[in-house]
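Spelled out from the first residue to the last, the chains are:
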Amino acid sequence: MQNMKTRPFDLNAIRKDFPTLSVSVRGKPLVYLDNAATTLKPKSVIRALNRYYKDECSNVHRGVHYLSEKATAEYERAREKISHFINARLSSEIIFTRGTTDAINIVAQSYGRTFLKAGDEILISHMEHHSNIVPWQILCEEKGCVLKVAPVNDAGELILDEFKKLVNPKTRFISIVYVSNSLGTINPIKEIIDFAHAHKIPVLVDAAQAVGHRAIDVRGLDCDFLAFSGHKLFGPTGVGVLYGKEDLLNAMPPAQGGGDMIATVTFEKTTYNVLPYKFEAGTPPIAGVIGLGAAVDYVRSIGFENIGTHEKELLEYGTRALKAIPGLRLIGTAQHKASILSFVLDKIHPHDLGTLVDEQGVAIRTGHHCTMPLMARFNVPATARASLAFYNTKKEIDSLVAAIYKAKKVFT
Amino acid sequence: MSESTSKHELYQQVILEHNKKPRNFKKIDNPTHFAEGYNPLCGDHLMVYLSVDDKGIIQEISFEGSGCAISKASASMMTVSLKGKTLDEARKLFEQFHKLVIGKLHPEKDAHTLGKLSIFSGIWQYPARVKCAILSWHAMNGAINKVQNVSTEN
Numbered sequence: 001m002q003n004m005k006t007r008p009f010d011l012n013a014i015r016k017d018f019p020t021l022s023v024s025v026r027g028k029p030l031v032y033l034d035n036a037a038t039t040l041k042p043k044s045v046i047r048a049l050n051r052y053y054k055d056e057c058s059n060v061h062r063g064v065h066y067l068s069e070k071a072t073a074e075y076e077r078a079r080e081k082i083s084h085f086i087n088a089r090l091s092s093e094i095i096f097t098r099g100t101t102d103a104i105n106i107v108a109q110s111y112g113r114t115f116l117k118a119g120d121e122i123l124i125s126h127m128e129h130h131s132n133i134v135p136w137q138i139l140c141e142e143k144g145c146v147l148k149v150a151p152v153n154d155a156g157e158l159i160l161d162e163f164k165k166l167v168n169p170k171t172r173f174i175s176i177v178y179v180s181n182s183l184g185t186i187n188p189i190k191e192i193i194d195f196a197h198a199h200k201i202p203v204l205v206d207a208a209q210a211v212g213h214r215a216i217d218v219r220g221l222d223c224d225f226l227a228f229s230g231h232k233l234f235g236p237t238g239v240g241v242l243y244g245k246e247d248l249l250n251a252m253p254p255a256q257g258g259g260d261m262i263a264t265v266t267f268e269k270t271t272y273n274v275l276p277y278k279f280e281a282g283t284p285p286i287a288g289v290i291g292l293g294a295a296v297d298y299v300r301s302i303g304f305e306n307i308g309t310h311e312k313e314l315l316e317y318g319t320r321a322l323k324a325i326p327g328l329r330l331i332g333t334a335q336h337k338a339s340i341l342s343f344v345l346d347k348i349h350p351h352d353l354g355t356l357v358d359e360q361g362v363a364i365r366t367g368h369h370c371t372m373p374l375m376a377r378f379n380v381p382a383t384a385r386a387s388l389a390f391y392n393t394k395k396e397i398d399s400l401v402a403a404i405y406k407a408k409k410v411f412t
Numbered sequence: 413m414s415e416s417t418s419k420h421e422l423y424q425q426v427i428l429e430h431n432k433k434p435r436n437f438k439k440i441d442n443p444t445h446f447a448e449g450y451n452p453l454c455g456d457h458l459m460v461y462l463s464v465d466d467k468g469i470i471q472e473i474s475f476e477g478s479g480c481a482i483s484k485a486s487a488s489m490m491t492v493s494l495k496g497k498t499l500d501e502a503r504k505l506f507e508q509f510h511k512l513v514i515g516k517l518h519p520e521k522d523a524h525t526l527g528k529l530s531i532f533s534g535i536w537q538y539p540a541r542v543k544c545a546i547l548s549w550h551a552m553n554g555a556i557n558k559v560q561n562v563s564t565e566n
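Top line first, the protein sequences correspond to chains Y and W. Per this note's numbering, residue 1 is the first one in the first sequence, and the count goes up by one each step. Per this note's numbering, residue 413 is the first one in the second sequence, and the count goes up by one each step.
What the hints contain is simulated information worked out from the structure, not anything from laboratory work. Glycine included, every Cβ here is placed at the ideal spot set by N, Cα and C. Treat each hint with caution, since some may be false.
A few chain Y residues that don't get close to chain W, going by computed Cβ distances all over 12 Å [as the list claims (entries may be wrong)]: (1) Lys5; (2) Ile159; (3) Leu166; (4) Arg172; (5) Gly238; (6) Pro284; (7) Phe304; (8) Glu305; (9) Lys312.
Cut-off 30 Å, straight-line C-alpha distance, at most; resulting in silico cross-link-like pairs (DSS-like, lysine-lysine) [to be verified]: (10) W:Lys528 to Y:Lys408; (11) Y:Lys323 to W:Lys432; (12) W:Lys433 to Y:Lys409; (13) Y:Lys409 to W:Lys528; (14) Y:Lys347 to W:Lys432; (15) W:Lys432 to Y:Lys409; (16) W:Lys433 to W:Lys558; (17) Y:Lys408 to W:Lys438; (18) Y:Lys347 to W:Lys528; (19) Y:Lys406 to W:Lys528; (20) W:Lys432 to Y:Lys408; (21) Y:Lys347 to W:Lys433; (22) W:Lys433 to Y:Lys408; (23) W:Lys432 to Y:Lys406; (24) W:Lys433 to Y:Lys323; (25) Y:Lys347 to W:Lys495; (26) W:Lys438 to Y:Lys347; (27) Y:Lys395 to Y:Lys16; (28) Y:Lys347 to W:Lys439; (29) Y:Lys347 to Y:Lys406; (30) Y:Lys143 to Y:Lys245.
Start from the sequences, fold in the hints, and give me the full structure.
Here it is in structure tokens:
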């Protein structure tokens, strides 16, 4: 991965980069602990969006006029940045999508429909987000493939032995989450990929929850596909990335037809454009892509080493603080864990807790986090989830703890 | 919205008390009507049972299941208000309660027969929680109209 100069980690300065952090909620300063749902955006991203709409607004890959060429250059520069960011071999292996969900659906529909047949097995894990379950179920229904699910243990860790046992000659595809959005579990993704490749099985990595928090090296991992969203990487909503190995993407048919994805069109026969455009039908989210490029620049200026150190400290502090609350049970206690704290409280339903802590200005997520099978595995209808990013502070965790105690008082 | 409004109103003593000790929280044997209510967004899940006599009067009504304080208290209070009412009255109350929780009925100025149920008048300010309050009512309405699976998302 390319080196980029990082600045010293100055939390106060970093917080000033995020305008939303100075919003007040019901007269109290916002405590934003819902980063797994979406991350806040730094000024540089907001400026990039603004600049495109204000000064460069035009379509890409179409015009010969000044603005169109400028926008196209910016758009393609963002692709280069993202390609370096995840250490892809070629920038044409970076496909812009609407988000992680869209990226996984493209693989399920394009690769799945072309290369999988009745009786083939697709292996996922019990901790997948609905977006890495349902696209495969749709495919299974259409093609007669079989979805296999690897179990997790009580700590919320993938049971690797069971996972490996599920791999057999019928297994033709593996799609697995890097970091669980509900539990924070970090999967041994490299080991999984190596094992899969030893059995000649391609692997898609759902990196939605990993991408803003740890360095991703697609060549180091040797994953075949990797999907993530811009908005969980401090970038805009409505844009995401599908990385795919060139030979696989070349072998796959387009997932959608339309403008930009073609080479020539006649009513008799249409030929398709080259990568990555073959998979980018229609006008793309231009501002979003340019904003995502700015987000990548921003994250690299902070540096994943700094991000990792700070988030680990927050996780340890938060884990201790929450565990000390009587009647609180953490859901997801993996050894190898990202800065996500999912929990349930005796006698208070997560939704009531969510409403009551919101009153104190604390934003957490409550619900099933789009992982209903995982909630069923832990026998809870929902959890409360605090998810931390590099701009969060220990003081904010204290605010969450104080708000939980206040909620408990209401329910005594 | 000022800070003093509604959040505290949402968790008033009456609601907390019904949550803690829900009334008619049981299954009725041989119900004449029943339906399941499910809110996939928060996982609230309950069953509503009714025993209606041939004159169309609700002799017994109960619920069971799991959910947040708002859904549980609302279900509990619903059973209390509907016991002894006719099916027509129940339908009327459902309509009024529905309007109440979406902010289209103001108990101070609009005519209604909601009684204690008007305690839920502030909930329209919390759109994410409206479904919690209305879930048991949807289930009840489904039951008396013979629709046995009710989801807040349909």
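Status of each hint after checking the structure:
Residue-level check passed: lysine 5 of chain Y sits 43 Å from the nearest beta carbon of chain W, beyond 12 Å. Under the 12 Å C-beta cut-off, the non-interface status given to isoleucine 159 of chain Y relative to chain W holds; the minimum distance is some 25 Å. Remark: the non-interface label on leucine 166 of chain Y is consistent with the geometry, its nearest Cβ contact in chain W lying 28 Å away (cut-off 12 Å). Every Cβ of chain W is farther than 12 Å from the Cβ of arginine 172 of chain Y; the closest lies at roughly 31 Å, confirming the non-interface assignment.
No Cβ of chain W comes within 12 Å of the Cβ of glycine 238 of chain Y; the nearest lies about 22 Å off, and the non-interface call holds. In this structure proline 284 of chain Y is separated from chain W by more than 12 Å, as the shortest Cβ-Cβ distance comes to about 31 Å. Listed as a non-interface residue, phenylalanine 304 of chain Y keeps its Cβ farther than 12 Å from every Cβ of chain W; the least gap is roughly 34 Å. Against chain W, the non-interface label of glutamate 305 of chain Y holds: every CB pair exceeds 12 Å, the least being about 38 Å.
Separation of lysine 312 of chain Y from chain W is adequate, the least Cβ-Cβ distance of about 31 Å exceeding the 12 Å criterion. Note on lysine 528 of chain W and lysine 408 of chain Y: the hinted pairing holds, with a Cα-Cα distance of about 26 Å set against a maximum of 30 Å. This hinted pair checks out: lysine 323 of chain Y and lysine 432 of chain W have alpha carbons roughly 25 Å apart, not beyond 30 Å. Restraint check for lysine 433 of chain W and lysine 409 of chain Y: the C-alpha separation of about 17 Å stays at or below 30 Å, so the hint holds.
Simply put, lysine 409 of chain Y and lysine 528 of chain W have alpha-carbon atoms about 25 Å apart, close enough for the 30 Å limit, and the pair holds. Straight-line distance between C-alpha atoms of lysine 347 of chain Y and lysine 432 of chain W comes to about 9 Å, which keeps the hinted pair within the 30 Å bound. Among the hinted pairs, lysine 432 of chain W with lysine 409 of chain Y is consistent with the structure: their alpha-carbon atoms are about 14 Å apart, no more than 30 Å. About 29 Å separates the Cα atoms of lysine 433 of chain W and lysine 558 of chain W, which keeps this hinted pair within 30 Å; it holds.
Between lysine 408 of chain Y and lysine 438 of chain W the CA atoms are separated by roughly 27 Å; this keeps the pair inside 30 Å, and the hint holds. Straight-line distance between C-alpha atoms of lysine 347 of chain Y and lysine 528 of chain W comes to about 25 Å, which keeps the hinted pair within the 30 Å bound. Taking the CA atoms of lysine 406 of chain Y and lysine 528 of chain W, the gap is about 27 Å. The hint holds against a cut of 30 Å. A threshold of 30 Å between alpha carbons decides the hint, and for lysine 432 of chain W with lysine 408 of chain Y the separation of about 13 Å falls inside it, so the pair holds.
Distance restraint check for lysine 347 of chain Y and lysine 433 of chain W: the Cα-Cα separation of roughly 12 Å lies within the 30 Å cut-off, and the hinted pair is therefore satisfied. At roughly 17 Å between alpha-carbon atoms, lysine 433 of chain W and lysine 408 of chain Y fall within 30 Å of each other, so this suggested pair holds. Straight-line distance between C-alpha atoms of lysine 432 of chain W and lysine 406 of chain Y comes to about 18 Å, which keeps the hinted pair within the 30 Å bound. Proximity of lysine 433 of chain W to lysine 323 of chain Y is assessed by CA-CA distance (about 28 Å); at most 30 Å being required, the pair is judged to hold.
Using a Cα cut-off of 30 Å, the hinted pair lysine 347 of chain Y and lysine 495 of chain W holds, with the two alpha carbons roughly 28 Å apart. Of the pairs offered as hints, the one joining lysine 438 of chain W and lysine 347 of chain Y holds, with about 19 Å between alpha carbons and a cut-off of 30 Å not exceeded. Distance hint between lysine 395 of chain Y and lysine 16 of chain Y is fulfilled; the C-alpha atoms sit about 16 Å from each other, no more than 30 Å. For the given pair, lysine 347 of chain Y sits about 22 Å from lysine 439 of chain W by alpha-carbon distance, which is consistent with the 30 Å threshold.
Pair hint lysine 347 of chain Y plus lysine 406 of chain Y holds up; C-alpha atoms about 14 Å apart against a cutoff of 30 Å. Annotation: proposed proximity of lysine 143 of chain Y to lysine 245 of chain Y holds, straight-line Cα distance about 24 Å (limit 30 Å).
Consistency note: the structure conflicts with none of the earlier hints.
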